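Undergrad: Each chain, letter by letter, is given below.
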Amino acid sequence: MKRVAITHVAQSSGAESRESLMDFTYRVNKEILDKAGLRREEVGCIIAGSADVFHSGLSCANAFDWDGIGAFLKEGSRAEESAFSFIYGCMRILSGRYDTVLVTALVKGSENPDNDPVTGFYGDPFYLRPAGLNESVVAALQMRQYMERRGVTEEQCAKVAVKNLGNALFNPYADRKRRVSLEDVMNSERRYDPLKALECAPKSDGVVSVLLASEKRAKKLTKKPVWLQGYGSSMDHFHPGDRDLLNGRLPEAAKRAYAMAGIGNPRKEIDVAEVCEPYAFQELLWCEQLGFCGEGKGGTWIDSGASRMDGALPVNASGGVLATNPYPARGLYRIVEAALQLKGEAGEHQVGKPVRTALAHSTHGFGGQCHSVVILSA
Amino acid sequence: MGNAVAIIGTGQTRHGRRSDACYPDLVREAVTAALEDAGITLADIDGVVLGTMPSMMEGVSSTHFYFAEALGSVGKPVLKVETCGSTGQSIGHCGFFWVASGMADIVLVVGSEKMSEGDGQATMTTVFDPFFQRTFAAGAPGVFTMQSMEWMYRFGIPEEKGREAAALISVSNHDNAMDNPHAHIRMRVTMDEVKNARVITYPVRLLDVCPASDGACAVVFASQKAVRKSGRKPAWIRGLGFRGEEFFYGESDKAVWMSATEAAGEAYRQAGIRDPLKELDVAEVYNPFTYQEMIFYECFGFCPRGEAPDYVLRGTFLKGGELPCCPSGGTLCTNPIGATGLIRMAEAALQVTGKAGERQVEGAKLALSHAMGGVDQFNGITIVGSTL
Amino acid sequence: MAREEHRIVKGQVLVPYELALGKTWSAFYDYLKEEKIMGKKCGRCKRVLVPPRSFCPRCFEDMEEWVEVSPEGVLETWVYVNMPFFAQEIRIPFISAQIRLDGSDSGFIHRVAGIDLQDFEKVREIVKLGGRVRAVWNPEKKGSILDIDYFEPVD
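Protein sequence lines correspond, in order, to chains A, B and C. 9 is the number of the first residue of the first sequence in the numbering used here; add one for each residue after it. 8 is the number of the first residue of the second sequence in the numbering used here; add one for each residue after it. 636 is the number of the first residue of the third sequence in the numbering used here; add one for each residue after it.
Because the hints were derived from the structure by calculation, they are not lab data. Careful: at least some of the hints might be erroneous.
Claimed, not checked - Stretches of chain C that chain B covers, calculated by requiring three or more beta carbons in the stretch to come under 8 Å of a beta carbon on chain B:
id, stretch
1, 665-676
2, 707-719
As the list claims (entries may be wrong) - Quick list of the computed label-pair ranges, beta carbon to beta carbon:
id, chain 1, residue 1, chain 2, residue 2, range
3, A, Lys263, B, Gly328, 37 to 43 Å
4, C, Glu775, A, Asn195, 49 to 55 Å
5, C, Trp772, B, Arg193, 51 to 57 Å
6, A, Ala320, B, Thr48, 53 to 59 Å
7, C, Glu775, A, Asp201, 30 to 36 Å
8, B, Arg321, C, Glu640, 48 to 54 Å
9, B, Gly82, C, Leu649, 32 to 38 Å
10, A, Gly360, C, Ala722, 22 to 28 Å
To be verified - Covered stretches of chain B, going by a simulated chain C footprint (3 or more residues, C-beta under 8 Å):
id, stretch
11, 154-166
12, 172-179
This structure is a prediction, so every number in the text was calculated from the model and none was measured. We treat Cβ as the ideally placed atom computed from N, Cα and C, and that holds for glycine.
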C-alpha cells in the first residue's frame with residue numbers, strides 16, 4: 009500500500025483578523041509554501057475546506073477561496089468540512105497521481121452570525137428547525153442524558169473547560185485565552201441548561217494548511233514526515249430522536265481507523281489526542297467512545313488527570329475547540345496540532361512524554377451526527 | 008498509473024418541477040435507481056460522496072446531514088464536495104479518487120438540487136463578492152451574455168451568424184430531449200421560435216437559456232475487482248481534469264477561457280486523446296446557454312477558435328454528425344444544478360455502455376462529459392470509455 | 636377529510652454578516668473618495684490589477700506597488716439588464732459592463748449610464764464593444780463602489 013505524509017503545516021491565530029478572508033488565507037498558504045520551499049505552481053493539487061454562504065455570506069465558497077489558496081489553474085477541489093478535505097487530499101496522493109497536495113481550511117467566524125443560528129440551518133425547514141434545534145440545543149439534550157444515564161457529574165464536565173482553557177494559555181494560536189477555575193465555569197451563564205457558556209466553544213477565525221506528499225517526495229521535503237496510519241468516519245441518522253445520543257457512530261469510526269492503523273489497544277498505543285469538543289462534556293463522551301476509558305468512566309478519567317498535558321494520554325494540549333473554534337476548519341486544526349506533537353514542534357504546549365502515535369478527531373452535526381478519526385505517526 | 012476505476016451504474020430522477028416529493032425523497036429516487044442499475048445493495052457501498060449548490064439554494068445547509076437516510080449513508084463514511092455549478096464533475100472526481108486510492112471498492116456519488124424551492128439567481132448573485140462586483144451582478148444570464156458578446160466581438164463573428172448557430176443549438180437540444188425520459192423540458196421548438204423568443208439579456212432569449220429544475224443523479228464508482236464481481240458493463244474513467252481561474256470577473260480572458268481549455272487538455276493527456284473531434288464519439292457539454300456551448304466547443308478543441316458557429320451550422324454536433332453533442336438534450340433542457348455535471352457524466356457512461364436507449368449514439372466508445380461553475384470560474388471534465 | 640396532496644411551506648431566511656475589507660480594499664475606497672482609481676502592480680508578472688489585490692493570484696507574491704490607472708478605458712463587454720433580480724441595488728434597466736481601464740491589465744466591472752437607457756435599440760447605437768468610456772464621479776462619496784457613479788460613453 010502507498011503511504012502519505014504530512015510534510016509541513018501552517019496555521020493562523022484563532023483571534024479576530026482585520027484582514028479580508030482572501031488576504032487572511034493567502035498569508036497562511038504563502039507561509040506553508042515558503043516553509044516547504046515550493047512555489048504554488050509546483051504543487052500537484054490544491055484542496056480547500058470551507059463552508060458556504062451561512063459561514064461566509066458568499067455562495068459557492070470555493071469561488072472566493074480560490075485565489076487565497078493559490079489554486080489559479082491548478083487541479084483542485086473543495087470539501088465542505090476540513091477533515092473531509094484532508095482525507096480527500098490523502099486519497100489524491102494514494103491514487104498515485106499526485107506527489108504533493110496542499111489542503112487549506114478557512115473561515116472567519118468573526119464575520120458571521122453566532123454558531124447557533126448557523127447550525128440551526130442544518131435542520132430541515134419542516135420539523136427540526138421550527139422545533140428550535142441547533143447544535144447547542146442538541147448538545148444540552150445529550151449532556152443531560154450523559155449525566156443521568158452514565159452518572160457523570162456536572163463538575164466533571166466543567167473540568168474539561170478548565171483543563172483545555174488552561175492548555176490554551178500555552179498555545180500562541182489559541183483564540184480564547186483566559187485562565188478559568190471550576191467555579192468560573194460552573195457560574196458562567198446557563199444558556200442551554202445544563203450547558204454553561206464556558207463549556208461552549210467560541211466562534212473563531214482560522215486558516216490552517218497541511219502539505220501532503222507521497223512517501224518518496226515526503227522524504228525529500230522534510231526530515232520529519234508525519235504519516236497517515238488510519239482513517240475512519242461514519243454518519244448517523246439525521247433526526248436526533250432516531251438515535252441514541254450516547255451511542256452514536258464514533259465507536260464505528262474509531263474502529264475503522266484503528267483497524268487500518270493496526271491499533272489493538274488505543275489506551276496504550278495512542279500517545280496524544282486532539283478531540284473535537286465544541287461542548288465540554290463531549291470530550292469525556294468522545295474519549296469513552298474512542299476507547300480511552302470505559303463506558304461511563306469519562307468523569308473519573310478526567311478526575312485522574314490522565315488527559316492533562318502531563319498525563320498518560322494528553323487530550324487537547326492545544327486547548328482544543330473550546331479555546332479555538334473556526335468551525336469548518338477546526339477538524340484540520342486538530343490534525344495539525346497532532347502533527348506538531350509528533351514533530352515535537354508544539355512549543356510551549358508540547359506534551360512531556362515522547363509522542364509516536366497521535367489521534368485527531370473531528371465532528372460536526374447535531375450531537376455528533378458525523379465523526380472522523382485520523383491516526384498519525386512519526 | 009494507479010488503480011483503474013469504472014462507473015458500473017447510474018440513476019436519475021424524473022427531472023422537472025417536483026413538488027410531489029420532498030428533497031430527501033427526490034435524492035432517494037436517484038440512489039435507488041443507481042443501485043438497481045449497478046445490481047448492488049447499500050451493504051456493498053463503502054462510502055458516499057454528496058454535492059449540491061450552496062445552502063442558499065434550498066435554505067438548508069450541510070445537506071449530508073439531512074440526506075443521511077436518503078443517501079443510504081448511515082453507518083458509512085461520507086464526503087461532501089462542492090464547487091458550484093461544476094459540483095457534479097467534482098463529486099465524480101472525488102468518487103474516482105476514493106476508489107483509486109484503494110480505500111474503497113465501491114463509492115456512491117450523488118448530486119442533487121431542488122431549484123423550485125429557492126431563488127437560484129439570488130444564489131448566483133451572491134457568488135459575486137459583496138465589495139466590488141455584486142452591485143452590478145444580474146444572475147447567470149448577465150454574466151453569460153457578457154462572455155458571449157466578448158467572444159463574438161473578439162473573433163469577429165457576425166451577430167446574425169452567432170444568432171443562427173445558437174438557435175440551431177437550441178432546436179437540436181430540444182429535439183434530443185424528446186428522446187430522454189428524464190428530461191425536464193420536452194417540447195420541440197423551431198428556429199423562428201428561438202429567434203423571436205422573449206429577450207432575457209440581449210442577445211440571449213428565453214429559448215437560449217436552461218430551465219431551473221428539481222432533480223438528482225447518482226453514480227456508482229467501482230474498482231476493477233468490484234467491476235468483475237458486478238458483472239456489469241463498465242464505463243472506465245479514462246481522464247479527468249479540473250481547473251479554476253481567479254475569483255474576480257474580468258481578470259481572466261473569458262473569450263478563450265483558460266480553465267475550460269486546460270481542464271480538457273489535462274483530461275485528453277490522461278486519455279491519450281490528440282484529436283478530440285475525431286477520437287471522441289459523443290460529448291455531454293454543460294450548456295446552460297446556447298452561445299456559451301460554442302465557446303466550450305472551441306476550448307475543448309472540437310474546432311478552431313472563432314469557428315464554432317460554422318461547425319454548428321454544418322451539423323458537426325448534431326445527432327449523426329461527426330461529434331454528436333448532448334444527445335440527452337443537455338443542460339439546456341434539464342438543470343438541477345448540483346446534479347447537472349453528474350448527469351453529464353452519467354449520460355456519457357450510458358453512451359459508452361450502450362445503455363442510452365432512444366438517445367444512444369450508435370457504437371459510442373469514448374465520451375466526454377463536462378461541467379462549469381462559479382461566475383465562469385471553474386471547469387471540470389471527465390472522459391469515459393468502453394475499454395480501459 | 637380531503638387532504639391537499641402536495642403541500643408547500645413558505646419561508647424566508649435573513650442572515651446578517653460583517654465582512655472585513657482589509658487594508659488593500661479599504662485603501663481602494665479611500666482613494667475613490669479622492670476620485671482616484673488605484674490598482675496594484677505585481678513585482679513579478681508586472682500586471683496591474685483593479686480592484687487592487689494584496690497578492691497576485693497567479694504569482695502568489697505580495698503586491699506592494701500602488702499604481703493610479705486612468706478613469707477612462709475600453710468597453711470589453713456589456714449586458715443590458717432589464718429583468719429584476721433578488722437584492723439588486725440598481726434600478727432596471729441598467730448596463731453592467733467590463734471595462735479595461737487604461738493602464739490596467741484586468742477587466743473592471745461597473746455600469747454604463749449617462750444616456751437614455753429606456754430603448755434598447757437606441758442604447759446599442761451608442762454603447763459599443765471596443766468603444767471608450769469614462770468614469771463619472773458621484774458628488775456624494777459613501778466609501779462604496781458607487782462613489783464612481785457610472786461610466787459614460789466617450790465619442
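Undergrad: All hints, please: hold or fail.
TA: Taking the hints in turn, this is what the structure says about them:
By the rule of at least three residues with a Cβ nearer than 8 Å to a Cβ of chain B, the coverage given for the stretch 665-676 of chain C is violated, with 0 such residues. Check on the stretch 707-719 of chain C: 8 of its residues sit with their Cβ under 8 Å from a Cβ of chain B, so the three-residue criterion for coverage holds. Distance hint check: the CB atoms of Lys263 (chain A) and Gly328 (chain B) are about 55 Å apart, inconsistent with the given range 37 to 43 Å. Between Glu775 (chain C) and Asn195 (chain A) the CB atoms are about 51 Å apart, so this pair conforms to the stated range of 49 to 55 Å.
Checking the proposed 51 to 57 Å range against Trp772 (chain C) and Arg193 (chain B) shows it holds: the Cβ atoms sit about 52 Å from each other. Distance hint for Ala320 (chain A) and Thr48 (chain B): a CB-CB separation of about 44 Å, inconsistent with the stated range 53 to 59 Å. A hinted range of 30 to 36 Å is violated for the C-beta pair Glu775 (chain C) and Asp201 (chain A), which are about 51 Å apart. Taken as a hint, the range 48 to 54 Å holds for the pair Arg321 (chain B) and Glu640 (chain C), whose Cβ atoms sit roughly 49 Å apart.
Checked against the hint of 32 to 38 Å, the pair Gly82 (chain B) and Leu649 (chain C) passes, with Cβ atoms roughly 36 Å apart. About 55 Å separates the C-beta atoms of Gly360 (chain A) and Ala722 (chain C), a value inconsistent with the hinted range of 22 to 28 Å. Residues of the stretch 154-166 of chain B with a Cβ under 8 Å from some Cβ of chain C number 4, which satisfies the need for three, so the listed coverage holds. Given a C-beta distance limit of less than 8 Å, the hint that chain C covers the stretch 172-179 of chain B is violated, as 0 residues qualify and 3 are needed.
Hint check: violations occur at hints 1, 3, 6, 7, 10 and 12; the rest are consistent with the structure.
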